[in-house]
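Undergrad: Model the placement of chain B on the given structure of chain A, informed by the hints.
Going down the list, the sequences are from chains A and B.
Sequential numbering of the first sequence, starting at 2, is according to my numbering.
Sequential numbering of the second sequence, starting at 2, is according to my numbering.
One or more of the hints may lead you astray.
Identical chains blur together in the list; that is why a pair holds if it fits in one copy or across any two.
What the hints assert, rightly or not - Lysine-lysine pairs mimicking BS3-like chemistry, simulated, CA-CA at most 25 Å apart: (1) K16 <-> K185; (2) K185 <-> K93; (3) K332 <-> K365; (4) K406 <-> K365; (5) K365 <-> K20; (6) K365 <-> K77; (7) K365 <-> K402; (8) K137 <-> K350.
Keep in mind the hints are simulated off the structure, nothing from the lab.
Quick caveat, the model's predicted, so the values are computed rather than measured.
There are 2 protein chains.
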Amino acid sequence: MLNERNPIPVVEAIKQVTKYCKKGETEYIELTEARSRVLAEDLIADHDVPSFDRSPYDGYALRSEDTTEVMKNTPKILSVVGHIGAGSVYHKKLEKNQAVRIMTGAPIPDGADAIIMLEDTTTFEESGKSFVSIRKQLQHQQNISFKGEDVKNGTALVNKGTVINPGIIALLATFGYAQVPVAKKPVIGVIATGSELLEIDQPLEPGKIRNSNAYMMIGQLQRAGAIPQYYGALTDNLEESLEKISEVMKEVDFLITTGGVSVGDFDLLPEIYQELGADVLFNKVAMRPGSVTTVAAVNDTLLFGLSGNPSACYVGFELFTRPIIDSFLAKETIGIQQEQATLAVDFSKVNPFDRFIRGRYEFKNGQLVTEPAGKDKSNMVHSLAMANCLIQLPGGTEGYKQGDKVTIHLLGE
Amino acid sequence: MLNERNPIPVVEAIKQVTKYCKKGETEYIELTEARSRVLAEDLIADHDVPSFDRSPYDGYALRSEDTTEVMKNTPKILSVVGHIGAGSVYHKKLEKNQAVRIMTGAPIPDGADAIIMLEDTTTFEESGKSFVSIRKQLQHQQNISFKGEDVKNGTALVNKGTVINPGIIALLATFGYAQVPVAKKPVIGVIATGSELLEIDQPLEPGKIRNSNAYMMIGQLQRAGAIPQYYGALTDNLEESLEKISEVMKEVDFLITTGGVSVGDFDLLPEIYQELGADVLFNKVAMRPGSVTTVAAVNDTLLFGLSGNPSACYVGFELFTRPIIDSFLAKETIGIQQEQATLAVDFSKVNPFDRFIRGRYEFKNGQLVTEPAGKDKSNMVHSLAMANCLIQLPGGTEGYKQGDKVTIHLLGE
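With the rest of the complex left out, here is chain A (with noise of 0.2 Å):
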C-alpha cells in the first residue's frame, strides 16, 4: 500500500493537533505533593502577612519620643517591663520610659512604635528590677515589619496554570493549604508495534531488537508532567492490534503508538485508524526525522501515531504531544520552551523540509550556544542521551553556518 501523502508544514500540524484540546480536572492533593504539579486556581492571600506588626530584630520595643533625648555620650535609661518570645503577647499597654524585650517575629506591643536592636542596648539589674541603657534616638516606626507589608490580604498571588515551585509552596502553606487544588494528570497510553520488538528482560534474538522507544516515552511523558500507561508491544497482525487499540482507547486520555505508520507492508496504523473511523488529521510533516508521524482523532482523544524510528519517534512526541498534556493540565504556557541560540557549527546539508538535530546548549559568558549532540542518524540513540534540546533548522535554505541564530527547543533537563 504505497500512499500518497501531502506534507503540511510542522506549524500547521501543531496547530491541527492543539484544536482537540481536551482540558483535565481538578484533584485535591497534600501539600507534601504539591511540588511540580499545576495549581488549578489562582491563589489569592486571604489575610495579610505579616498579619500583625512585628518585630524584624532581637531588641526591645520602645516609644520612640522616650529617645529623644539620648546623645552620644548620654544613653536613656527604660524600664523593662515585660519579655515577649516570638508566637506570644504582651497584654499590657507600654507607658513612658518602658520597655519590653522582643524576639524577632514577635507582635509589637500596644503603645510601642519602634524596635531597637539587641546589639544597641545594655540591660543591667537594679534592686531586682530590670533596666536597659539606649544608646540610639529611634524614629517613630522604626524598625517595624508592618501588618500586609509583604502581602495584602486579597492580593492575586499565583495564577492558575502554573508549576508550583518551593516558593510556591511557601505561600500555599502561609494560607493554610493543607491540600492543594491541582489539574489532574493526562493518563496517557503507549503501546509500541513491531514484531521486531523483544522486551527489556528478553535476550536478544537475530533480527530483533529490545523495545526502546515505549521506555523512553514513559520517560518523556513522566518529565511532561502525564501518567504513562503502558500496554506492551503489538506484534504485525491486523485484527490483533486494531482490538487492542480499540479496548486501550476506553482507558486513556490520550493514546501513543510507535512504529507502523510507514509505507511498510506491515505498517498497519493506516488501517487501523480507519477501522476506527478515525479523522486523520495529517500523516506526513515536513519535517525531519519523523515525516512519517501521524496524527487521528476518535472524537475527542487524539491517537498519535509516532514513527518506531527513536528519534523521529522523540521528536513527534515533543512537537505534537506535549502541547496536548499542557493543554489538559492548563498551564499558562503550552509547549516546549523555545529560545534562540548561536550555531557552534556548520550545517551545509541542504534540507527541503526542516530538520530537528538532537542538541545541546550551554551558555558561554551568559548567551546560549548551540551543537549538535552527536552523530545525527535518525536511528542513533546515542545522540538522544546526551540532547537537552533539539536544535530547530528551517527547510529549503542555503545551509547553516557557525555564528547563525537558530530556534532551539529546551527539553528541559
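TA: Relative to the frame of chain A, chain B by itself:
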C-alpha cells in the same frame, strides 16, 4: 546569650560543608521509575547497535553487481524470492538476479550488499511469480545500516553520576536494563523550631504564623533529589528539643532545622549543638540573607541550622545543603548551576556581605538577563514564589548598575 560570631566567606563555608561529604549506596529500581534518578554505574554497551547489518528503508535487498547494466530507459528485472519483515530473518543466500522484499529494520540477507528504496522500483507478477523492476544503479554497501554503526560493543555510553533522562532510558532499554542501578536518595530530616508556629491546617492566632519553611524545605529537598522526612515543629523548650533532635538524628542521613540559630533568648540551637558535642563548622556567614546560618557535624551527620527567615532558609539550603545531596548521590556536577547574566536594573545599595537576591532570568535574543523577582526584604516570601534564580552580588563594592555582568544560581524550575 550574645555570642561573638566571626563571619566566614560563602565560598569558605561551602568548602567546610563539602569536606563532610557522605556517599550513598546503590539500589536497583525498575526502568519505568528511573527518570531523574542518578545512574550509579557507568553504562557500557554489551553488544553492537545495530546488532546486525539492517535495512534503513522499506525496499528490496539485492546484489549491487546485478544493477550495473541499469540505464535510464533500461530497467533491470529481478526475481523476488522472499519477503522479510522486521524481526524476521531470510535464511537462504541471495543468488544472481534475485531480490528480497525487505522492511525497515530487517536484517540484510546473505549475499545482498545494497538496498533499493521501494519508490525506485515497480513490482509485477508473471506466471505466478513476482518480479521487481529496478530503475537505479546501486553501489556496493549502498543504503545499509551497519552492525555497530550507532554504538560499538564496549563503548562507554553514559557516566555514572549522570541524571537519567528519557534518552538515557532508551539506551538502558536497548541494553536490557530491566533493573537500573541508581544512587540511593539521602533521607533528610526537617524540623521547624519556634513557639510562634502553627501547622498549616490550624486557624491563625494573634502573634502566630503558619509554618511555611518546613513545607518549602520539603519541596526543595524533593527538587534536589532527596527524601524529606518531616518531624513537625518544636516549641522553644531546650530539653524537649534536645531529646527530639537526638532521636531524629538516628533515623536520617542529614538533619535540617529552621529557626533558633540567631541570638534571641529562645534561639536554642547553639546550646543544643553544645549538648550534642557537635563540631560547629561555622555559625556566621558573610552573606545576606542568612548570615546566622549554622552548620554543625556529629560524626558524619551534618546538622544544617538554617535561619527561620524564609528567604534566608531558602538560600542557605541551596548554597550549603544542595552540594551535600549531590555528593551523596555521587553526581557528576556538585551544587547549583551558576551562569553569568546581565543585570536589567541598578542595585545602588552597598553591602559589606555578599547578597543573594531572589531573581528571575529570561533570555533576550539568547542572552541571559536577570532582575529581582519582587520586593526584596528578606521576610517576603512572595518573591520566592516568582524566583527562578538567585542573583549573587559580591559584598563591599560600589553597588551594581544595569548592564553589569553578575553570577546567577539557577534554581532548576
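Undergrad: When the hints from earlier in the document are held up against this structure, which numbers fail?
TA: 2, 5, 6
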